[in-house]
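Chains A and B supply the protein sequences, listed in that same order.
Per this note's numbering, the first sequence runs over residues 837 to 1117.
Per this note's numbering, the second sequence runs over residues 915 to 1095.
One should not assume that every hint holds.
Subject to a maximum C-alpha distance of 35 Å in a straight line, what follows is the list of computed DSBU-like cross-link-like pairs (lysine-lysine) [to be verified]:
| id | chain 1 | residue 1 | chain 2 | residue 2 |
| --- | --- | --- | --- | --- |
| 1 | B | K1008 | A | K984 |
| 2 | B | K1011 | A | K917 |
| 3 | A | K1105 | A | K1036 |
| 4 | B | K1008 | A | K910 |
| 5 | A | K1036 | A | K1015 |
| 6 | A | K1100 | B | K1053 |
| 7 | B | K1090 | A | K1015 |
| 8 | B | K1090 | A | K840 |
| 9 | A | K1046 | A | K1064 |
| 10 | B | K1011 | A | K984 |
| 11 | A | K917 | B | K936 |
| 12 | A | K917 | B | K1004 |
| 13 | A | K990 | A | K901 |
| 14 | A | K916 | A | K902 |
| 15 | B | K936 | A | K984 |
| 16 | A | K1036 | B | K978 |
| 17 | A | K910 | B | K978 |
| 18 | A | K913 | B | K986 |
| 19 | A | K870 | B | K1053 |
| 20 | A | K917 | A | K870 |
| 21 | A | K903 | A | K1046 |
| 22 | A | K1116 | A | K1019 |
| 23 | B | K986 | A | K902 |
| 24 | B | K1090 | A | K990 |
| 25 | B | K1004 | B | K988 |
| 26 | A | K902 | A | K875 |
| 27 | A | K1019 | B | K986 |
| 28 | B | K936 | A | K965 |
| 29 | A | K1019 | B | K1053 |
| 30 | A | K1015 | B | K1008 |
| 31 | B | K1090 | A | K903 |
| 32 | B | K978 | B | K936 |
| 33 | A | K1046 | A | K1089 |
| 34 | B | K978 | A | K916 |
| 35 | B | K988 | A | K913 |
| 36 | B | K1004 | A | K901 |
| 37 | A | K840 | A | K901 |
| 38 | B | K936 | A | K910 |
| 39 | A | K1064 | A | K1100 |
In short, the hints are calculated from the structure, not lab data.
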Amino acid sequence: MNTKEYISSGILEAYLLGSLSPEESREVEDNSEKYPEVKKELRAIEDAMFHYASKFSRNPSLTLKKKVMNAVDKAEKSEKKETSAKGKTVSGPKRETAPYLVAASITIALGCAILAGMFWQKWQHAEEKIVTLQQENTRISGNINTVKFSMEEKLKTDSAQLAQVREELHMVMDSSISKVHLKGMADMTAASTGVVLWNKSSQEVFLNLKNIPEPPDSMQYQLWALHKGKPVDAGMIEMSDPEPYHKMKQVGKAESFAITLEPKGGSAKPNLDAVCMMGKL
Amino acid sequence: MIEPGRFIAEPELVRLLNEKDKHAFEYLYDHYSAAVYGVVLRIVRSEDIAEEISQDCFLRYWNKINDYDPSKGKLFTWMINIARNMSIDKIRSKDFKKSAKTDEIPEHVSIPDSSYNDKHKPEYIGVREMLNVLSAEQKELLDLMYFRGYTQSEISEEFGIPLGTVKTRVRAAINKLRGLF
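Use the sequences and the hints to build the structure in full.
Listed below in structure tokens is the structure:
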């Protein structure tokens, strides 16, 4: 089997997304056992899907935890009852004894049984109480942990957000920074917007793009700075760059900026038929 | 007794769960309930129903941990597939369609859905940056497959896209996600 072809057919993704039939799934599992490359690929896709799903995480209410733990307690107790019911002992053979001895021993036995019963009940209650207290304790510390964990996460994100907002504000308020709005042209809809932040003194250029479509696989967006009609390459736009402001090449002089769609890797001169966005200072 | 803050590696966690260790189960809940609930919520679109199903899921994890086979993948994958299947079964059930407890579900769901995501999500920037990487088409594809339970053939039929194309697009989408992490 050509493992490369198998892998690029997308069947592994389908398997992990749970959309294969049982027979097809088994085939994937067999191939994963047979071919280590397939197994490795499967693991990598699994990781990506794990991260994808985790991004949609939401904390449920704290009452859900109580409900879940209660349900599990119930399930456990009914299981215990089942197993203890199976463990009853068989009584031994009977013997002939004098009637008064029988009566006396029965009374004593009854008395003991009653006492035993009382003590057993007390012991059970005490046991239950201990278990309840332990559970309560664990539950509370667990809850504290969950709250602590989500607060820490929130703090991290809030701090990150704050840092980003500060940076953006700094860039916008710096008077030596020029802001150029880029308008979408040709196939780009009005929803696509771009802003170039150009620090004339440091020559740094930052580009923010919103809602621009993915370029075809072989193409890439390229930024140009235009000075006296002459275009100068200002860098390629990495669509996978997670930063909202892409850092571009330094630009010394410009009257306007433009973005064109070029072959991947860029061109020395812009394709004037493929101008997507433009803006003047 | 598992002290709070202690990390349990997956193989040990699975072993403890198989032994019906309650503390291990609680650890499982603490670490995975948000992920499970998040996925369920995204499918059923109702907090009440999502909690109900999440509870059923966790009970299932407790009762059926023996079904989990580590050689087939991670514990999380097993858990999430159970959650997804229960949720998708629910949305396809008659009483769900009748009760209409849920919010209006748009025909073709586009991420992000701000009413759910922005308010409570702990990693706000994480979703934004991830979703900026995927094209609108890719987002929709993953949403249809992951959260609506469409198979690749169903997508191919409903949208008139050749099956082979659907497969390669899904692969491209997931490759992009791999690049991120």
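A quick look at each hint next to the structure:
A threshold of 35 Å between alpha carbons decides the hint, and for K1008/B with K984/A the separation of about 40 Å lies outside it, so the pair is violated. Taken as a hint, the K1011/B and K917/A pair is broken in the structure, with Cα atoms around 39 Å apart against an allowance of 35 Å. Straight-line distance between C-alpha atoms of K1105/A and K1036/A comes to about 23 Å, which keeps the hinted pair within the 35 Å bound. The suggested pairing of K1008/B with K910/A holds, with an alpha-carbon distance near 29 Å, which does not exceed 35 Å.
Taking the CA atoms of K1036/A and K1015/A, the gap is near 11 Å; set against the 35 Å cutoff, the hint holds. Among the hinted pairs, K1100/A with K1053/B is consistent with the structure: their alpha-carbon atoms are about 23 Å apart, no more than 35 Å. For the given pair, K1090/B sits about 31 Å from K1015/A by alpha-carbon distance, which is consistent with the 35 Å threshold. The suggested pairing of K1090/B with K840/A holds, with an alpha-carbon distance near 18 Å, which does not exceed 35 Å.
Distance check on the hinted pair: K1046/A and K1064/A sit about 28 Å apart at the alpha-carbon level, within 35 Å; holds. Our distance criterion of 35 Å between C-alpha atoms is broken by K1011/B and K984/A, whose separation comes to about 38 Å. A threshold of 35 Å between alpha carbons decides the hint, and for K917/A with K936/B the separation of about 17 Å falls inside it, so the pair holds. Distance check on the hinted pair: K917/A and K1004/B sit about 32 Å apart at the alpha-carbon level, within 35 Å; holds.
A threshold of 35 Å between alpha carbons decides the hint, and for K990/A with K901/A the separation of about 21 Å falls inside it, so the pair holds. For the given pair, K916/A sits about 21 Å from K902/A by alpha-carbon distance, which is consistent with the 35 Å threshold. At most 35 Å may separate the alpha-carbon atoms for a hinted pair to count; K936/B and K984/A meet this at roughly 22 Å. Distance hint between K1036/A and K978/B is unfulfilled; the C-alpha atoms sit about 65 Å from each other, more than 35 Å.
Straight-line distance between C-alpha atoms of K910/A and K978/B comes to about 15 Å, which keeps the hinted pair within the 35 Å bound. Pair hint K913/A plus K986/B holds up; C-alpha atoms about 31 Å apart against a cutoff of 35 Å. A C-alpha spacing of about 33 Å is found between K870/A and K1053/B, which places the hinted pair at or below 35 Å, so the restraint holds. Note on K917/A and K870/A: the hinted pairing is violated, with a Cα-Cα distance of about 45 Å set against a maximum of 35 Å.
Taking the CA atoms of K903/A and K1046/A, the gap is about 44 Å. The hint is violated against a cut of 35 Å. Restraint check for K1116/A and K1019/A: satisfied, since their Cα atoms lie roughly 10 Å apart, inside the 35 Å limit. In summary, the hint linking K986/B to K902/A is supported, as the alpha carbons are separated by about 31 Å, within the 35 Å threshold. Taken as a hint, the K1090/B and K990/A pair is honoured in the structure, with Cα atoms around 26 Å apart against an allowance of 35 Å.
The suggested pairing of K1004/B with K988/B holds, with an alpha-carbon distance near 25 Å, which does not exceed 35 Å. Annotation: proposed proximity of K902/A to K875/A is violated, straight-line Cα distance about 39 Å (limit 35 Å). Straight-line distance between C-alpha atoms of K1019/A and K986/B comes to about 50 Å, which puts the hinted pair past the 35 Å bound. The straight-line distance between the Cα atoms of K936/B and K965/A is roughly 17 Å, inside the 35 Å bound, and the hint therefore holds.
Using a Cα cut-off of 35 Å, the hinted pair K1019/A and K1053/B holds, with the two alpha carbons roughly 25 Å apart. Restraint check: the Cα-Cα separation between K1015/A and K1008/B comes to about 56 Å, which exceeds 35 Å; the hinted pair is violated. Proximity of K1090/B to K903/A is assessed by CA-CA distance (about 39 Å); at most 35 Å being required, the pair is judged violated. Distance restraint check for K978/B and K936/B: the Cα-Cα separation of roughly 14 Å lies within the 35 Å cut-off, and the hinted pair is therefore satisfied.
Note on K1046/A and K1089/A: the hinted pairing holds, with a Cα-Cα distance of about 25 Å set against a maximum of 35 Å. Pair hint K978/B plus K916/A holds up; C-alpha atoms about 17 Å apart against a cutoff of 35 Å. In summary, the hint linking K988/B to K913/A is supported, as the alpha carbons are separated by about 29 Å, within the 35 Å threshold. Pair hint K1004/B plus K901/A holds up; C-alpha atoms about 21 Å apart against a cutoff of 35 Å.
Proposed proximity of K840/A and K901/A is contradicted: the alpha carbons are some 45 Å apart, above 35 Å. Distance check on the hinted pair: K936/B and K910/A sit about 12 Å apart at the alpha-carbon level, within 35 Å; holds. Our distance criterion of 35 Å between C-alpha atoms is met by K1064/A and K1100/A, whose separation comes to about 27 Å.
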